[in-house]
Amino acid sequence: MKTYTNTGNKDTRSGFGAGLTELGKTNENVVALCADLIGSLKMDDFKKNHPERFFQVGIAEANMIGLAAGLTIGGKIPFTGTFANFSTGRVYDQIRQSVAYSDKNVKICASHAGLTLGEDGATHQILEDIGLMKMLPGMTVINPCDYNQTKAATIAIADHHGPVYLRFGRPSVPNFTPENQTFEIGKAIHLTEGTDVSIVATGHLVWEALEASKKLNEEGISAEVINIHTIKPLDDKAILESVKKTKCIVTAEEHNFLGGLGESISRALSQHNPTPQEFVATNDTFGESGTPAQLMNKYGLNSDAIIKAVKKVMTRK
Amino acid sequence: MSDTKHLEDLVIQVRRDILRMVHKVNSGHPGGSLGCTEFFVALYNKIMDRKDSFEMDGIGEDIFFLSNGHISPVFYSVLARAGYFPVEELSTFRLIDSRLQGHPTTHEGLPGVRVASGSLGQGMSVALGAALAKKLNNDNHLVYSLHGDGELQEGQNWEAIMYAAGNNVDNIIATIDLNGQQIDGPTDVVLPMGNLKEKFEAFGWDVVEINQGNNLEEIIKGMAVAKNKTGKGKPVCVMLKTVMGNGVDFMMHTHAWHGKAPNDEQLEKGLAQNAETLGDY
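Note that the protein sequences, when read in sequence, are chains E and A. Number 252 in the numbering used here belongs to position 252 of the first sequence; there are no gaps in the numbering. Number 109 in the numbering used here belongs to position 109 of the second sequence; there are no gaps in the numbering.
Isolated chain A (complex conformation) (with noise of 0.2 angstroms):
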């Protein structure tokens, strides 16, 4: 089997696990997690230079941090089957003595997760303390994050932004899923955030776009150009165009499934545009 078919078949599994696991508990957020799948599809098996075993340390490897906790079904998904924990563990989302949370946390030692997100705005900060830590331990690999469009609404993110052009953080890739939308709608109507690219290059970040961004070619291409550029002085923002609800097409360009479940129709007319590839859980 290619790579890429490989890569493909993969999301394709992650989009029907997503579907899976929200549909059984009847919660959870769908939309975004099926627009980034994508996303740590080729994160987690193409662009990482990441070691099997989870250590909470990470050092050595290259590293990620979800900020946007609420995508915590495509990230489960994709660590099981990256090999962090079992696959029929997902069967256990969001249900009672799990350890996979509706949010994703540390505390009940799910392997993969470094910190808890959920309150957003968070992650930022802590992916660049993470960055600080592997400078002083004279360690190259990167740290990568993944927030929110509308998460950046959050104040804290900008005082990381300004931290880490401030002080040469360049050794941090801050991927923004940017997908327009937002709870109560679009991300234009909710808090207009202006030019978000023109934002980051002001605050003194350099700024990779990767406009096809569940197109796993594109996001691969666009992923090396980024660490490219680490290592430069500056820190690296990804601004990830995606679809949410990407992969199913009721759920596509829209806020309306951002936390809401699929019913058994709507979940078995999902599955049907996502044929079995690698084996349900």
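Just chain E, with the same shape it has in the complex (with noise of 0.2 angstroms):
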């Protein structure tokens, strides 16, 4: 079984934060726009470098998102920078209008996405967002796993033309894939080969999807682990092919199951290969404050309930 050497805990936002400080070098036309937020969203770098094109409005959102669709009636690529929670739901309307209806070419980039975003409780901690953004018509929805793959999804929208939503988080996470890796957008990546169940996660979730499978493997159950880094438009061909083989799945995320990847993968089996199903996401719920372990040991976002999860699921074939 293949497996994964974590290379020290970054938080993905300062991936985020990497891979703007390389779009300013490389592309004239990226700006960045940030809702008061800088040090969170570890934008300083490109401020600093880039002080012509960089925008700070203050605390509001909504005036930064239709700032953010004009900026491109002029050819500019902007990148917003906010918490998850101000970057969507908050700011709802305008994206709808200006930004995904408008087919306007910005880049909406949410840090301290879901539970681990930790203390500052409920109010702060979106787990509704995948589900708001990925409902638009043209949106495409990014959730990496880690600092290396943040950074290089963080590149690779600059290139792709229309509107795209950019999810990572505030805490300190494992850190496997490669660095400097080549980030396709809409393609599933297999971590792991298996043939007992398949394992589909997002975001800070897939690195427990690999600690579950190694603890699967003792136990003789051989998982079969798909990073899925976009949401929207998702990979259906990569889910539909590892099923035909596990002919079980169990989803993964740090978000509600109601809207989320979980839902999106329902969706295309139920269309094309009807495959028993567990969710590892909140059930429907808000947070609340806590460490960021603490919360997703609580709400059930973890190695332990991945396994948990699969060996319900397999019962299930």
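By construction, these hints were calculated from the structure, which means they are not laboratory data. Since the model is a prediction, treat every value here as computed from it, not as a measurement. Where is the CB? At the ideal position from N, CA and C, for every residue including glycine. Fair warning: there could be bad hints in the mix.
[Stated by the list, open to error] When the alpha-carbon atoms are kept at most 25 angstroms apart in a straight line, the in silico DSS-like pairs for lysine-lysine are as follows:
1. A:LYS135 with E:LYS25
2. A:LYS135 with E:LYS48
3. E:LYS47 with A:LYS135
4. A:LYS234 with E:LYS47
5. E:LYS48 with E:LYS25
6. A:LYS221 with A:LYS197
[Unchecked claim] Which residues of chain A face chain E? A partial, calculated answer using Cβ under 8 angstroms:
7. HIS107
8. ALA130
9. ALA160
[To be verified] Covered by chain A, per the in silico footprint, the following chain E stretches (three or more residues, Cβ under 8 angstroms):
10. 65-71
11. 93-99
Mind docking these for me? Both chains are given alone in their own frames, and the hints should help you get the complex.
Okay, structure coming up:
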């Protein structure tokens, strides 16, 4: 079984910052906007290196989305930065009308997604953002799993014409995907080959899925782990091919099971190959204050929860 | 034909277009459209330095954003008669498979439209973004925008108004259609906004008032004053006092025709007050 090495914990938001720094050097049309969270979004370098291309908009996210839409008219590629909650729910209609329906080339970059934002609590822990964004026609939705992949995704979306929602997080998590990888939007990544169960994960849950697969392997269960960094457009083919072999699937995400990756996969499976599925996701609930690890444990979003779900789904084959 | 005569003829013809468009589909917004007809005609035919062909990026020309998208009939008529798309296409307004959606959109690729609008309060931010892009591109042309007065009740405007002054976005002229009316009645009754001129000034904008916003000459004069105020470190706002339903007597001075189409008889009456000038579509 293929194994992966954590080269050292890093936060995915720093991957975004590094990607943006890189884009500042390589693409003069890239501009960045931030709603009073430069440090949290790791946009300091871009601001320092390109002050003329950086727009501090203050605590005014609706205006930020509109400014970004307008900046595309004239050929700019705007990257907006704020927390996931304020990047989506707070500005849904602005994104819907001025960006998505208007087909504007805006990259909505959202940090502190999900429960792992931690102690700030439920007001800031959005667990509905993937659903909100994937429902918008033409919107691409990406949730990379570690620092290296977030950096690569940030760089890749500048070359993709159209609105993109890029979701990442606050905590330091294992960094295990290759440095300087090429990021292919919409392409699932097979991390391990397996025959008994497919574990399809996104974001912070990908490492947890790998941890789970190691323990399962020791128990004689062969798990195929797939990293879905692009939730929309979804790589249906990769998922369907995997379940053809394994006959059951566990989906794992730091998001409500309503509207998330799991639901997108259910849609693909029910259309093409109905398959038993278990969801590792939050269960239609808000979060609360706590450390990221405590929260992920309490809400069942870690490798133990994945193992439990695998054992359950295998009995349903 | 003198320049003024042509603009006057155009105003009459656009009024006819508006009435016929909304009558045909028994829906749409004639009141605000008629109130802004002179402004649109002057803007597209006298004020803006624009190219004849349409390119989304609008580099090297003045560009315009309509924030109060419900007055699409006047926008479409003036765009068509400025040559952006065939005048005959006005007959497809609000019909299935048309590029002339109820509210303007880029989605169907209608030339002349650069962003969707309709959900109110978003156009100021978009216009400012385009103004910032012009600065980055060293393009010294202007961005024009139009907003309803009732629309200023949307909070996003005030985020944008604050941003523009705080960041010296001085290549924008945002016009407010001060007709004092909104769907549920006079703006002063629905949600009084106080003195809008003073509010804009308090936020750091330069304000120009056009008290006769349905008079072509006054509009052209006032917009020239506004243009002279650009490039001086402050965003510029025009307070355009208009009469809703202007040019059709029974539609004037009331919010009743905000979103209501005339019936056959009313159409005839309205058209009779505005005899054909440049040819109906």
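The hints, checked one at a time:
1. A threshold of 25 angstroms between alpha carbons decides the hint, and for A:LYS135 with E:LYS25 the separation of about 20 angstroms falls inside it, so the pair holds.
2. For the suggested pair A:LYS135 and E:LYS48, the alpha carbons sit about 19 angstroms apart, so the restraint of at most 25 angstroms is met.
3. For a cut-off of 25 angstroms, the pair hint linking E:LYS47 to A:LYS135 stands: about 18 angstroms separates their Cα positions.
4. About 24 angstroms separates the Cα atoms of A:LYS234 and E:LYS47, which keeps this hinted pair within 25 angstroms; it holds.
5. Between E:LYS48 and E:LYS25 the alpha-carbon distance is near 12 angstroms, which keeps this suggested pair within the 25 angstroms criterion.
6. Of the supplied pair hints, the one linking A:LYS221 and A:LYS197 holds, its CA atoms being roughly 19 angstroms apart against a limit of 25 angstroms.
7. Satisfaction of the interface hint for A:HIS107 is found here, the shortest Cβ-Cβ separation to chain E being roughly 6 angstroms, below the 8 angstroms cut-off.
8. The beta carbon of A:ALA130 comes within 4 angstroms of a beta carbon in chain E, closer than 8 angstroms, and the hint placing it at the interface holds.
9. Checking A:ALA160 against chain E: minimum C-beta separation of about 5 angstroms stays under 8 angstroms; hint holds.
10. A stretch counts as covered by a chain when three or more of its residues have a beta carbon under 8 angstroms from one of that chain; for the segment 65-71 of chain E and chain A the count is 7, and the coverage holds.
11. Counting residues of the segment 93-99 of chain E whose beta carbon lies closer than 8 angstroms to any beta carbon of chain A gives 5, which reaches the threshold of three, so the coverage claim holds.
When held up to the earlier numbered hints, the structure conflicts with none and fits them all.
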